[in-house]
Amino acid sequence: MVQTHQTYHLEQLSDEDCWSVFANHACFSPKESTENMEVQKIGKEIVRKCKELPLAAQSLGGLLRCKRDIKDWNNILNSNIWENETKIIPALRISYHYLPPYLKRCFVYCSLYPKDYKFEKDDLILLWMAEDLLQPPQNGKTLEEVGDGYFNDLASRSFFQCSGSGNQYPHFVMHDLVHDLRHQRQR
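The sequence shown begins at 1 in UniProt numbering and counts up one residue at a time.
Honestly, the hints are just simulated from the structure, not real lab data.
Beta carbons are placed, not taken as given, at the ideal position from N, Cα and C, and that holds for glycine.
Treat the hints with care, as some may be off.
Cβ-Cβ distance ranges computed for the label pairs, FRET-style [claimed, not checked]:
no. : residue 1 : residue 2 : range
1   : 70        : 104       : 24 to 32 Å
2   : 138       : 169       : 22 to 30 Å
3   : 14        : 67        : 33 to 41 Å
4   : 123       : 65        : 39 to 47 Å
5   : 164       : 11        : 38 to 46 Å
Within a straight-line C-alpha distance of at most 27 Å, the following computed BS3-like cross-link-like pairs (lysine-lysine) qualify [as the list claims (entries may be wrong)]:
no. : residue 1 : residue 2
6   : 104       : 51
7   : 118       : 71
8   : 51        : 115
9   : 71        : 49
10  : 118       : 104
11  : 104       : 115
12  : 71        : 104
13  : 67        : 104
14  : 67        : 141
15  : 71        : 121
16  : 71        : 115
17  : 141       : 115
18  : 141       : 121
19  : 49        : 67
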């Protein structure tokens, strides 16, 4: 016997909800300084370009989390990547473009994994270590801590998403669109 399931059609987020996702990932502080208000104004223009897609808002919010210089925000807003016609969301391409080289290497390494492959954070970090993809530790950190920082940076930019728990450790997966971006970057 075949069971049928009801289909749910999800609509895109409203501009306000998309802004909430972006602002949460960008870690806006509640203080209303003049500079903070200007950055928020630019952020809202960036969100409009995300076309109400939560993954795009998450990714760019994560990218801009540590950047409070208005020039950096304007560079994202005015990037010509927004104009390129491709099936990859421009916001994801911008997030990849602005990754530091050491994170790009680790991200591209994930091309070993097929689409929807679930992996554990610690296993991936050990593979990065074995392939010598991590920069030498500084300030008393271990190589594992460096890898943990890299993983957390990529996860905060929505390149990796939690996909539930395995035995006792959470599993992660790359979103389909991020997977497509990864393969486009390899060409």
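Cross-check of the supplied hints:
no. : hint                     : result
1   : 70 with 104: 24 to 32 Å  : holds, 25 Å
2   : 138 with 169: 22 to 30 Å : holds, 27 Å
3   : 14 with 67: 33 to 41 Å   : violated, 26 Å
4   : 123 with 65: 39 to 47 Å  : violated, 26 Å
5   : 164 with 11: 38 to 46 Å  : violated, 25 Å
6   : 104 with 51              : holds, 25 Å
7   : 118 with 71              : violated, 38 Å
8   : 51 with 115              : holds, 25 Å
9   : 71 with 49               : holds, 18 Å
10  : 118 with 104             : holds, 20 Å
11  : 104 with 115             : holds, 18 Å
12  : 71 with 104              : holds, 23 Å
13  : 67 with 104              : holds, 19 Å
14  : 67 with 141              : holds, 24 Å
15  : 71 with 121              : violated, 34 Å
16  : 71 with 115              : violated, 36 Å
17  : 141 with 115             : violated, 33 Å
18  : 141 with 121             : holds, 18 Å
19  : 49 with 67               : holds, 19 Å
Consistency with the previously given hints fails for numbers 3, 4, 5, 7, 15, 16, 17, ordered from lowest to highest.
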